[in-house]
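*Asks:* Top to bottom, those sequences are chains A and B. Numbering (the numbering used here) for the first sequence: 1 to 112. Numbering (the numbering used here) for the second sequence: 1 to 117.
Keep in mind that a hint or two might mislead.
As the list claims (entries may be wrong) - Below 25 Å or equal to it, Euclidean Cα-Cα: the simulated DSS-like pairs (lysine-lysine) are:
hint: 1; chain 1: A; residue 1: 42; chain 2: A; residue 2: 79
hint: 2; chain 1: B; residue 1: 17; chain 2: B; residue 2: 57
hint: 3; chain 1: A; residue 1: 107; chain 2: A; residue 2: 2
hint: 4; chain 1: A; residue 1: 79; chain 2: A; residue 2: 2
hint: 5; chain 1: A; residue 1: 111; chain 2: A; residue 2: 2
hint: 6; chain 1: A; residue 1: 45; chain 2: A; residue 2: 2
hint: 7; chain 1: B; residue 1: 17; chain 2: A; residue 2: 45
hint: 8; chain 1: A; residue 1: 104; chain 2: A; residue 2: 79
hint: 9; chain 1: A; residue 1: 104; chain 2: B; residue 2: 57
hint: 10; chain 1: A; residue 1: 79; chain 2: A; residue 2: 107
hint: 11; chain 1: B; residue 1: 17; chain 2: A; residue 2: 2
hint: 12; chain 1: A; residue 1: 42; chain 2: B; residue 2: 11
What the hints assert, rightly or not - Pair ranges (Cβ atoms, derived):
hint: 13; chain 1: B; residue 1: 104; chain 2: A; residue 2: 16; range: 39 to 45 Å
hint: 14; chain 1: A; residue 1: 59; chain 2: B; residue 2: 40; range: 37 to 43 Å
hint: 15; chain 1: A; residue 1: 59; chain 2: B; residue 2: 72; range: 20 to 26 Å
hint: 16; chain 1: A; residue 1: 68; chain 2: B; residue 2: 44; range: 37 to 43 Å
hint: 17; chain 1: B; residue 1: 18; chain 2: A; residue 2: 59; range: 44 to 50 Å
hint: 18; chain 1: A; residue 1: 39; chain 2: B; residue 2: 14; range: 29 to 35 Å
hint: 19; chain 1: A; residue 1: 29; chain 2: B; residue 2: 14; range: 29 to 35 Å
hint: 20; chain 1: B; residue 1: 13; chain 2: A; residue 2: 112; range: 28 to 34 Å
hint: 21; chain 1: B; residue 1: 117; chain 2: A; residue 2: 66; range: 45 to 51 Å
hint: 22; chain 1: A; residue 1: 53; chain 2: B; residue 2: 3; range: 41 to 47 Å
Unchecked claim - According to the in silico footprint, chain B covers these stretches of chain A (three or more CB under 8 Å from chain B):
hint: 23; stretch: 36–46
hint: 24; stretch: 102–112
Think of the hints as simulated: they come from the structure by calculation, not from any bench. Every value quoted in this text rests on a predicted model; they were computed, and no experiment measured them. Idealized CB from N, CA, C, for every residue including glycine.
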Amino acid sequence: RKEVEQDPGPFNVPEGATVAFNCTYSNSASQSFFWYRQDCRKEPKLLMSVYSSGNEDGRFTAQLNRASQYISLLIRDSKLSDSATYLCVVNMGGGSQGNLIFGKGTKLSVKP
Amino acid sequence: GAGVSQSPSNKVTEKGKDVELRCDPISGHTALYWYRQSLGQGLEFLIYFQGNSAPDKSGLPSDRFSAERTGGSVSTLTIQRTQQEDSAVYLCASSLAVLDRANYGYTFGSGTRLTVV
């Protein structure tokens, strides 16, 4: 099983749609989870951390399922500006140990 | 500085030449990380520094790759005898301390796009 696995997409959705991405991770000891956003030919930027109880930031909702070792990101009311690649990121050690491992990303394209 | 600064932003080099890539982390950040991203691929961890020490060099792909950090600030990634498969975007990131990566993630620089011809 790959350390961090994502559906590469692309997800092509109309403006206003709701879209969800999933990510699975292999190390049950992982404690820290993030979603990053990467625009074409740009560096990744932190979108949001993922907390055990789930968390929301505006139109974005992140969920963690430890039992199944997956993380999700839900985007409501998609905007053209949401078009990007979304990277699932997991620290592969317990607690604060281990490096952040990046998934290969899921590409989202929001069309008018 | 206000952000992580990398130079050069683009580098084209001939196969077999050596290259040096520079990273200047956010002021006060003691932890510094190097990743690379090949076309269409995910980010591949190379090495990280806590202060001037590199506890984890496990990601360096070969002995042609080395990195150093002096004064707890600027880091240089050196690739000797470059090969075409070294072509990638080399990304540097920093965090306040190593422990902070687990809580707050990283801040990346804009990268150096290396092309080996």
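*Asks:* For every hint, state whether the structure bears it out.
*Replies:* Status of each hint after checking the structure:
1. A:42 - A:79: holds, 19 Å
2. B:17 - B:57: holds, 23 Å
3. A:107 - A:2: Holds. Residue 107 of chain A to residue 2 of chain A sits at ~19 Å (cutoff 25 Å).
4. A:79 - A:2: The hint is violated at about 31 Å.
5. A:111 - A:2: It is violated: about 31 Å lies between the C-alpha atoms, which goes past 25 Å.
6. A:45 - A:2: holds, 23 Å
7. B:17 - A:45: violated, 32 Å
8. A:104 - A:79: The hint holds at about 23 Å.
9. A:104 - B:57: holds, 22 Å
10. A:79 - A:107: Cα-Cα ~14 Å, so holds.
11. B:17 - A:2: violated, 34 Å
12. A:42 - B:11: holds, 16 Å
13. B:104 - A:16: 39 to 45 Å: violated, 32 Å
14. A:59 - B:40: 37 to 43 Å: violated, 28 Å
15. A:59 - B:72: 20 to 26 Å: Violated - the Cβ-Cβ distance for residue 59 of chain A and residue 72 of chain B, about 39 Å, lies outside 20 to 26 Å.
16. A:68 - B:44: 37 to 43 Å: Check failed, 26 Å falls outside 37 to 43 Å.
17. B:18 - A:59: 44 to 50 Å: holds, 47 Å
18. A:39 - B:14: 29 to 35 Å: holds, 31 Å
19. A:29 - B:14: 29 to 35 Å: The hint (29 to 35 Å, Cβ to Cβ) is violated, given that residue 29 of chain A and residue 14 of chain B are roughly 45 Å apart.
20. B:13 - A:112: 28 to 34 Å: violated, 41 Å
21. B:117 - A:66: 45 to 51 Å: holds, 47 Å
22. A:53 - B:3: 41 to 47 Å: violated, 31 Å
23. 36–46: holds (count 6)
24. 102–112: That given contact holds, which follows from 4 residues of the stretch 102–112 of chain A lying within Cβ reach (below 8 Å) of chain B.
Going through the hint list in order, the structure does not satisfy hints 4, 5, 7, 11, 13, 14, 15, 16, 19, 20 and 22.
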